[in-house]
Structure formats: structure tokens, C-alpha cells
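Chemist: So you can see what is in the structure, the chains are spelled out below.
Protein chains: 2
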Amino acid sequence: MPEKISALCSPKRFLMGAGPSMVDPRVYEGMAQPIVSHLDPFLFQVTEDIRKHLAVAFGTKNEFTLAISGTGTAGMETSITNFVSPGDKFLVFANGYFCDRICEIGRRQGANVVRFDKPWGEVASDEEARSAILRERPRVVAYVQAETSTGVFQEGKALCDAAHEVEALVISDVVTSLGCMPVEIDKTGIDIGFSCVQKGLACPPGLSPITLSPRALEILRARENDIRTFYFDLKLLDEYYKGGHRYHHTAPITMFYALREGLAVIAEEGIENRWERHRLGHRALVAGLEAMGLEMHVSDPAIRLPMLNTVRVPDGIDGTAVRARLRDEFSIEISGGFGDLASKIFRIGIMGVPAQRENILRLLEGLEVSLRAEGYATHASGTEAAEKVYASA
Amino acid sequence: MPEKISALCSPKRFLMGAGPSMVDPRVYEGMAQPIVSHLDPFLFQVTEDIRKHLAVAFGTKNEFTLAISGTGTAGMETSITNFVSPGDKFLVFANGYFCDRICEIGRRQGANVVRFDKPWGEVASDEEARSAILRERPRVVAYVQAETSTGVFQEGKALCDAAHEVEALVISDVVTSLGCMPVEIDKTGIDIGFSCVQKGLACPPGLSPITLSPRALEILRARENDIRTFYFDLKLLDEYYKGGHRYHHTAPITMFYALREGLAVIAEEGIENRWERHRLGHRALVAGLEAMGLEMHVSDPAIRLPMLNTVRVPDGIDGTAVRARLRDEFSIEISGGFGDLASKIFRIGIMGVPAQRENILRLLEGLEVSLRAEGYATHASGTEAAEKVYASA
Numbered sequence: 419m420p421e422k423i424s425a426l427c428s429p430k431r432f433l434m435g436a437g438p439s440m441v442d443p444r445v446y447e448g449m450a451q452p453i454v455s456h457l458d459p460f461l462f463q464v465t466e467d468i469r470k471h472l473a474v475a476f477g478t479k480n481e482f483t484l485a486i487s488g489t490g491t492a493g494m495e496t497s498i499t500n501f502v503s504p505g506d507k508f509l510v511f512a513n514g515y516f517c518d519r520i521c522e523i524g525r526r527q528g529a530n531v532v533r534f535d536k537p538w539g540e541v542a543s544d545e546e547a548r549s550a551i552l553r554e555r556p557r558v559v560a561y562v563q564a565e566t567s568t569g570v571f572q573e574g575k576a577l578c579d580a581a582h583e584v585e586a587l588v589i590s591d592v593v594t595s596l597g598c599m600p601v602e603i604d605k606t607g608i609d610i611g612f613s614c615v616q617k618g619l620a621c622p623p624g625l626s627p628i629t630l631s632p633r634a635l636e637i638l639r640a641r642e643n644d645i646r647t648f649y650f651d652l653k654l655l656d657e658y659y660k661g662g663h664r665y666h667h668t669a670p671i672t673m674f675y676a677l678r679e680g681l682a683v684i685a686e687e688g689i690e691n692r693w694e695r696h697r698l699g700h701r702a703l704v705a706g707l708e709a710m711g712l713e714m715h716v717s718d719p720a721i722r723l724p725m726l727n728t729v730r731v732p733d734g735i736d737g738t739a740v741r742a743r744l745r746d747e748f749s750i751e752i753s754g755g756f757g758d759l760a761s762k763i764f765r766i767g768i769m770g771v772p773a774q775r776e777n778i779l780r781l782l783e784g785l786e787v788s789l790r791a792e793g794y795a796t797h798a799s800g801t802e803a804a805e806k807v808y809a810s811a
Numbered sequence: 419m420p421e422k423i424s425a426l427c428s429p430k431r432f433l434m435g436a437g438p439s440m441v442d443p444r445v446y447e448g449m450a451q452p453i454v455s456h457l458d459p460f461l462f463q464v465t466e467d468i469r470k471h472l473a474v475a476f477g478t479k480n481e482f483t484l485a486i487s488g489t490g491t492a493g494m495e496t497s498i499t500n501f502v503s504p505g506d507k508f509l510v511f512a513n514g515y516f517c518d519r520i521c522e523i524g525r526r527q528g529a530n531v532v533r534f535d536k537p538w539g540e541v542a543s544d545e546e547a548r549s550a551i552l553r554e555r556p557r558v559v560a561y562v563q564a565e566t567s568t569g570v571f572q573e574g575k576a577l578c579d580a581a582h583e584v585e586a587l588v589i590s591d592v593v594t595s596l597g598c599m600p601v602e603i604d605k606t607g608i609d610i611g612f613s614c615v616q617k618g619l620a621c622p623p624g625l626s627p628i629t630l631s632p633r634a635l636e637i638l639r640a641r642e643n644d645i646r647t648f649y650f651d652l653k654l655l656d657e658y659y660k661g662g663h664r665y666h667h668t669a670p671i672t673m674f675y676a677l678r679e680g681l682a683v684i685a686e687e688g689i690e691n692r693w694e695r696h697r698l699g700h701r702a703l704v705a706g707l708e709a710m711g712l713e714m715h716v717s718d719p720a721i722r723l724p725m726l727n728t729v730r731v732p733d734g735i736d737g738t739a740v741r742a743r744l745r746d747e748f749s750i751e752i753s754g755g756f757g758d759l760a761s762k763i764f765r766i767g768i769m770g771v772p773a774q775r776e777n778i779l780r781l782l783e784g785l786e787v788s789l790r791a792e793g794y795a796t797h798a799s800g801t802e803a804a805e806k807v808y809a810s811a
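Chains as they are written, first to last, in this note's numbering: chain F, 419 to 811; chain Y, 419 to 811.
These aren't lab readings, by the way, just hints derived from the structure by calculation. Just to be clear, a hint being listed does not mean it is correct.
[Claimed, not checked] Taking lysine-lysine and the DSSO-like style, the derived pairs with C-alpha atoms no more than 30 Å apart in a straight line are: (1) F/K507 with Y/K653; (2) Y/K660 with F/K660; (3) F/K660 with Y/K430; (4) Y/K575 with F/K653; (5) F/K470 with F/K605; (6) F/K479 with F/K507; (7) Y/K575 with Y/K507; (8) F/K653 with Y/K470; (9) F/K422 with Y/K605; (10) F/K762 with Y/K660; (11) Y/K470 with F/K422; (12) F/K422 with Y/K479; (13) Y/K660 with F/K430; (14) Y/K422 with Y/K507; (15) F/K470 with Y/K422; (16) Y/K507 with F/K660; (17) Y/K470 with F/K430; (18) Y/K653 with F/K653; (19) Y/K660 with F/K422; (20) F/K470 with Y/K430; (21) Y/K422 with F/K605; (22) Y/K507 with F/K479; (23) F/K660 with F/K605.
[Claimed, not checked] Residues from chain Y that face chain F, not an exhaustive set, calculated with beta carbons under 10 Å: (24) K430; (25) R519; (26) C621; (27) R646; (28) I671; (29) G688; (30) P732; (31) I735.
Backbone N, C-alpha and C define an ideal beta-carbon position, used for all residues, glycine too.
With the sequences and hints as input, model every part of the structure.
Modeler: Right under this line is the structure:
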């Protein structure tokens, strides 16, 4: 029998964890626009807008820049299945959860996966990366530019140079960096970069931006064998989004509207202003956390991600209880740690929307109250220290 | 330099083609609700609502009923890659474009694909299906319940019975039927059914509902080897959506909100009322088309899909010009044919929202004017014939 079902009403959470992050109001407005069909010329105007603006965020002149119809892990799988063939030697610089995931997808693909491991919170030095690559002479190399599980940044220029010396392609996970800090696909020498839309681009999850260097594109277009996946076959997606618009799948139109609007917001702000907003927010946040007596998990400030801050849970304090209190009393969500770092760190994201003075102060205040309630005596006021950073900026 | 970018403003099209179809206003409202994270208990309340209501539309008691984070083709690839192993004999009943796609994905998967072909617009008879299955003794059988390229319905009960006699699993593409007509997963004996959300469920594209029979689920859970795909691995998705909610990917939250609302609209209407609305709309539409002197492509009325109507383009008439006129002068979009049927048929969808008297009359009026402008003399009034059907209903 017909029934009355109350309208969806989601709880209002202020998302300052490892992602998804807050969605920009303009993005919600864009999603209310009526859909067109997946072969409508209007959709391809939208994807062209997206191509143009993604290029700025990626730091690339690559012709091939589009978004996969799946979330970030779909972009990861697409990058690997299109460029790593069964039996290929695939060298992965592993220092966190998402590096492990790259290894896992490579293994399922039948690649000969070789890991170069570093502890979670560190990165391979330029010399280590270079010597591993020259020794292994892999077909494809992968690394994570912004490790969401640890808060570590890996620049990758020396790694890419060495890879190109042995004619390897480089895949880089830029899921957490895009829209928050310079990604520099071209300057770094990344051949295949993939990302997501629910962090620095301030959209709901659902698409995975991807960009291919001219060399990767040439290899793709010259490929004669079909790869195993049809849905993620970049050759078919290239034919769908470019020129003839040959039908491949029914693109998630509304998600493309969202991404177009998320990128429009970034263009209006100016990408460099946006990066600076994150840098400043990071400085203020770290000053606040350290004033409270907390310790950053990534000891070297030079490799700390500005938008994803990992901080150690103080000894004897129940981190899960702190996060629950922060959520229940302040409606702010932050993340805990993964794997080896479970219960040892908090992960505080300021990706996109949250990287603003009032949000950072609110988070510091809520964290202070929640830590105290769980028995931690903060040393000094976190908000005061953060305000000083903003005042002197 | 920062620039001002005008807000997205999409053209208003009334979508009566092969999909996507019109989105229900309540779905747009649902998508404006703030997102939560992919591990938030609220998301799993939403996915539980979805599971419950999808079961009604699918006609199943299956425990495993969820939505894949990709569009319909992602559901097709998921079904095949999880249940067809390299080397398996995979029998496909082929009578249209999407059957060909199933074969293509099976081929890429390394299966031994065996086709049983019928002309586009016909289906294998029960006897043909049965004898092909008993002869070939495949590991997995696939057929398309509702072929979007031809407008043909294939019920599949005898096919499923024969498949189970030889212990084969049956995959069925129910992309176009779900939400528009009885799908009857359980009564028919379908082991793996996959669909989309942008047709009968009145959502924007972006998810692919999928359901597994107890036997398919048992095989899935007993599987010891990892399959090649990580993103589409149903075993991992089962762990994410059920019980422990083990992180797998960042689910497209807003699309899940959309689907929850699309299904709520169906529950409020009542699924049987909805089916009846499509049946009646189909009868009215066909009466109108035939009154105008047009011929249905599927000659046997018993296997015509109610929601996806294929009608022949009259001899000497430029179908593309007719569709363009309908779009430009009436803002109504219908589809042309695919492959062998390109330029030979119109495909008129009344999936979900459009299956209502006023829309069908508007379509018939627009089509009549457009056909006349392109030189076709309609025999009698299409709208009058359609109104009679509604009046006598």
C-alpha cells in the first residue's frame, strides 16, 4: 500500500576530517539545475569548462584532462589498469594507506609489484627514490603526493626525473592536494595524475579528475590491445569526451554540474589565493595545536601537508571519545588514524571551505574543550595562538 | 587573476528519449541536503532505506541489494567481473546493443563468450533459450530484460530455469525496466540483476542498483581468489555496506540521497500504481502513433516494453531533422536508433516522470507537427487517439 515517507533530512556536520570536506553552497545550487542527456552539446560545454579549470588546479597544459565517473579509488584503478599491464614491473613508493591500496590494485592487475617502504609519516629522500628506480628499472612508478593517512607531502620531482631516465611512466595520487596546494603536474613530471572532487574542490564525492602527460596520451592512443576494463578504458572515454562524442556510458550529469561550479568558485577566488588561504590556515592551526601542548605527527615541517594535519593523541587520552565529543557538542567531524596509526593520531582537514579563520578557531576551541573533558590539561590557549598568526599575516 | 564566472544554467529539456529521463523535483531537493562522511551512521541509514525500497522495485527478498558507485555500465561490468572468470563459458542471448556490450565486457574479462543471436527487435523463444543452454552448458548466462536499443522485453523465466538445470548463474540487465514495470527478480530466477537510477527511478545518473540471489551471494562469499577489480569487488562492497562498515571507497553521498528520495517517491505512489501508469501511458502513446500512420518497430505487442517505445521513421523522412525540430520547437528530446537501427527508428521513453497524460499528449502533438514540417502526412490525430485511451481507462 502507498505510504508517506518523510523527506530526507541529513544531520548538519561541519566536516574537518580527512574528507569528504564541506561542499560550497554554489555547488549545491548547480546540482539543482535540470539535467540534460549524456550526449547533449551542453554537457560537453560543461566538460570543456571543467577541462580548462582543472588544468589550472593541476598545473598542467595536458590536452587530456577529464573526470572519471567514479570516486577517487576509481581514478586510482583507472590509472593503474590503463598503464600497468600484467607482468609489468611496478615500483610503488609506500609510506601510507593509499600507497598500500595502489600496491593492492597493481597486484590484482597481475603486475610485478615492488615496494620501497618508509615508515608512515616519512618519505623516501630524492637519493633513495633515484637509486631505487635506477636499480629496479620499473615500467611504471607510483607515489602519493599527499598521503591522507599520514599527512605527508611527497614532492616527487627527483623521482619523476629518475623514472623518465629509465623510460618509466609515473602515476601520482593527488587526491588530497588538488585545489588546496600546488600540484604542479607539468613541473614535477607526473605522467598520470588522479584526484577526487570532495576535498579541495568542495563538491560531493562522485567524480575522479585525471590528467595524462603527452607521453602517457601517446602510449594510450597507440595501444592496440584492449585492456580488461571497459568502464575505465581511457581510450573509450577519450572518444566520448572529445570530438565525435562516441557513446560510452551515461555520464553522471549532475556531478559534472557540481564540479563545474566547484571549479568556478576556485577560479573566482584565484588558485594562488586559495593556496595561500590553506597555508595560512595550516600555520594558524599548527600554532594553536602546539600551544595546547599537542605534537604534530609529521616531525619535519617541510613535508607537512597544509590541508591535512595529523596530530598525536596525547598519551592516556581516548582519541575516539574526544572525536565523539567534538562531533556531538560542536558538530565538528575530524578523523582518527588508519592502520598502524589507529587511535594514535587525529587527522584534521581544512580542505577547501574550512580553511578560514573562524572555522579554525572554532575547531581549536572545540578540541580544547573535548580534550579537557577527557582529562587532558592543555598548556595554553590554542585559539589565542592561532589568532596571533592571523593577526600578523 | 580572479575572474567572475557566470553560474551554471542548463537548458530546460523535457527528456522523453532512451534515458536519462526527467528527475523528480523531490530528488533535486534531496540533493541539496548537506553531505555527511562516507562512514557516518546516517549514510548507512540511507543505504538501508535504499536496500528496503529497491527490493520492492526489483521484486526480490535478496539480502544483498545495494547500489554501485558508477552508472549502469559500471553495474554491468561489476556483474560480469564478479561472476564470470577468465576461461568460463559465458552464453549471451544477443538481440541488441546492450547485449553486444555484455559480450564485449565478457571478452575483455577473458571469458569464452558464446552468442545466441536474434534480429534486433525479436527475442529467443523459450524453446530456443532452453535448447541453447542445455547444448552449451555454460557457467554463466546473460540476457537483457529490457533492451533499450530495440524496445524489446525478454521475460526470461524459461531461460533461468534451464540455466539452473545446468547449474549456471543468470545475469540480467534490468537497466530500463526497474521502476517502470515488474522486474520480478525472484519469480524469474535472476541471480544477478543490475540497473541504473536515471530512468524509472527518476534520479540523475550516477549509481547502479544491483541485487544478488542467495546462491550468487553464497558463491561470492565463498570466493577465495581476489578478482581483478578492486573498485567493483562486491565482496569488499558487501563488507563496506554491511555490519562492520569497513572502508572501501568514498561513496557518492549526494547520489545516495537522490536515490533514497527517488525510491521514496515510488513508495508513496505505490509500485503497482506506477507500473499501471506506464502501461496506460504506453497504450495511449501507441494508439496515438498508430493513428498517425506510424508503425511500431517491435511487431509483437506482447514483447513491447511499456516505457521505451520504438517506432519506425517513415520512408523518405529525415528522422534526425524531426528530432531536432521536436527539441528546438517543443523542448522535447527523444532518441534515434543505434547501430543497425540508426536513422530507422525513434525511441520514445516515458520512464518515470513522463508517463502521464499531459506529457504523452504534448509529445504526440510535437511529433505530429515536426513530422508534417518534414513532409510526412499524418493519417489522423495522434492526440485524439491517445485521449480516447485515457478516457476509457
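Chemist: If you draw a straight line from the CA of Y/K422 to the CA of F/K605, is it 30 Å or shorter?
Modeler: Measuring from Cα to Cα gives roughly 28 Å; hence the hint holds.
Chemist: Taking 30 Å as the top limit, are the C-alpha atoms of Y/K470 and F/K430 close enough?
Modeler: OK: Y/K470 and F/K430 at ~25 Å, within 30 Å.
Chemist: Holds or violated: are the alpha carbons of Y/K507 and F/K479 at most 30 Å from each other?
Modeler: It is violated: about 46 Å lies between the C-alpha atoms, which goes past 30 Å.
Chemist: Sort out whether Y/K660 lies within 30 Å of F/K762, counting only the CA atoms.
Modeler: 26 Å, holds
Chemist: Just to be careful, I want the Cα atoms of F/K470 and Y/K430 compared with a cutoff of 30 Å; is the pair within it?
Modeler: Given that 30 Å is the threshold and the Cα spacing comes to 25 Å, the pair holds.
Chemist: Between F/K653 and Y/K470, is the straight-line Cα distance small enough, at 30 Å or below?
Modeler: 38 Å, violated
Chemist: Against the 30 Å threshold, does the CA-CA distance of Y/K470 and F/K422 hold or violate the hint?
Modeler: Distance of about 15 Å is within 30 Å: holds.
Chemist: Can you confirm whether the C-alpha distance between Y/K660 and F/K422 stays at or below 30 Å?
Modeler: 26 Å, holds
Chemist: Are the Cα atoms of F/K507 and Y/K653 separated by 30 Å or less?
Modeler: 27 Å, holds
Chemist: Straight-line Cα separation of Y/K507 and F/K660 no greater than 30 Å?
Modeler: 36 Å, violated
Chemist: Under the criterion of a CB-CB separation shorter than 10 Å, is Y/P732 in contact with chain F as hinted?
Modeler: Constraint on Y/P732 not satisfied, violated at 24 Å.
Chemist: Measure nothing beyond the straight line between the CA atoms of F/K660 and Y/K430; if it is 30 Å or shorter, mark the hint as holding.
Modeler: The hint holds at about 24 Å.
This entry does not satisfy hints 2, 4, 8, 14, 16, 22, 30, 31, going by the numbered hints stated previously.
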